[in-house]
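Visitor: These are the residues of each chain, in order.
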Amino acid sequence: MFVDFFYLLRESGIPATPTSFLRLHKALALGLVEGLEDFYTAARSILVKSERYFDIYDRVFAHFFEGAELPDFKGIDINETARALLDEWLKTPDMLADALGISQEQLKTMSPEELLQYFLDRLKEQTEAHHGGSRWIGTRGTSPVGHSGFHPGGMRVGGRSMGKSAVKVALERRYRDYSAEGPLTQAQIGEALKRLRRMVPEGPKDQVNIDETIRETTRNCGEIEIIFDRSLRDRLKVILMIDNGGWSMDPYVEVVQTLFDYARAQFKDLKTFFFHNTIYDYVWEDPPRAYKPHRVEDFASWDRETRLIIVGDASMAPYELMAQDGSIYISERSGRPSMDRLNMLADLFPHSAWLNPTPPRLWPMTRTIGLISQIFAMFELTLDGLERAVTHLMSKN
Amino acid sequence: MHHDSHTRVFTGASKYVLDEELAKIVNISIALEMPLLLKGEPGTGKTMLAHAIAESLSMPLTILNVKSSLKLVDCLYQYDTLTRLNDSRFGDSQRDVSNIEDYIKMGKIGQAFTSDVRMVLLIDEIDKADTDFQDDMLDVLDQMQFDIIEIDKTIKAKHRPVIIITSNAKKDLSDPFLGRCNFHHIAFPDQDMMREILRVHFPDLDYQITDACVKTFYQLREFQGIEKKPATRELINWIRALRTDPDFRAKDLIVGKIPYLGILFKKSPDYQQAIAQVRRLARR
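Protein chains in written order, with the numbering used here: chain C, 1 to 397; chain S, 1 to 284.
Note that these hints are calculated values from the structure, not bench results.
Lysine-lysine pairs mimicking BS3-like chemistry, simulated, CA-CA at most 25 Å apart:
#1 S:K108 <-> S:K67
#2 C:K205 <-> S:K71
#3 C:K237 <-> S:K128
Beyond 12 Å from chain S on every Cβ pair, some chain C residues (computed):
#4 K205
#5 L270
#6 R295
#7 M339
#8 S373
Idealized CB from N, CA, C, for every residue including glycine.
When you get a sec, could you build the whole thing from the sequences and use the hints?
Guide: This is the structure we're talking about:
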């Protein structure tokens, strides 16, 4: 019974659904899985829906199946785990009925105990039919040479060797690079920022409007009059503000730079500004923050629909944020604390997000991070964080 | 739906080198009647796989190339109102203007449903479409039927097509979508696999050249700051070019003299980068 495996996957953070779990059992029932290698592949393709989780899957799989025996189905109690599983299935009865191969009406007449028993029986049936409850590991795959008789006839196999056991394959952790925890890579940023695109009518008039065409044609006594509409083009305005000063941002400058490069290609309407630690009267258009200052007040005349993305570690001495002349640069001391400026920006641009490259577990230790995250929704600068930030930026309110 | 199709097993095609893991996943997906979602960087053969499946199961292949502007209904059927309007005005065609069905054309999904034989339906680059499109499409593929509103008719699939969906995006598709697909990520082939692929494309290629080309190619892929890394397709074209060059010797590659970089690096900043880095390589 793989319920424990399934739950271990879920506890490890893989969003495997109960429906997919049932589907895996359907695959087992169809006799498609002949041994642990097959199970490794089948379970992954059915349960795990992103390569970002492949690495976790490999680890869980290796942990779970290392030297494990196929559990005996006899004497299984309807235990708490199974009951919890059942509760989850019952939230989507139609899918459950479908997966078990019974009608929804039949399903309704069954008590939870009956239903679970039915499910266990089905598992049992297919196990006896195909595997006889024997050990899975050790029966295949441990030989160092390939099992030539194992392939369907004529298959051309390249790459990975057959001799490896699935556990060994899993232990190789081939998918570590795709894991979501990893640092942001160039390609990942590009993909995440793509989500910022939004459709608004801006394109050329090259789409036939059927309804209008028919109306105009009728008005025209049957002489055809074709009416064109504008096609859709995405045009999202974005302001990026980057903290590029100080040693505390140094380790992240390269990541942030990548974000830039991609952002530039992604939008036609992109303005980039720089600041150090936090924002006072000015942000700068040039990276050295010396030649082209831009007054923060001037943003008042900008389009409110513009998305404001601030990238910074939000880590500084509290007075830099709170004090009336908190700036570490004398020329910037205008008498308004940086908090005011940040609040103003948040008001000017209702769609805003702050991306922070430091790991969230460190956030509670820095007071200014807490303060700034009350003004701007703060997300970590990883693929996951970016995704959430983009979702936040695209929400209606 | 034909049950004999269950027994048909995909074992690879003449020009496609099949990873065994992938073969299993394809077979499981066919048996479970689930669409198979393939992800992976460009050049890992996602699209080729559908061609290979079609060839090896001898099913016709139909390809739906997804574009961002695509609407679901266009994939199902098109009601050609303009032709009907034109016919009603000028009336010089064989079609019956009062019969709307004469003006309904099947889209790619419609074709796969109405075909008399089981087809392979490749839905290429699904990530280009928006989430609503993706979910709605999966509804249709789940139910294996759709309605033509204009003539109040339901089109049911005669044979459930084998559905392969590809996505280039690193971003995940929506949960409901993923829930209805089997999933596989094709990693970029390793060097041994690449040699195998080359053997399929160039059966007569001399070992020394294969070795030098593959090694160089993987070296080139390691270059920093390249936006579009060369993929399998580029490697094959590059070798093709090298073979037509009578002056080319495998030794050249080993000493860092790499001709035709433009075939491998197609974007001009990448090309400039590559040239600079090759020079550095040669100097070492």
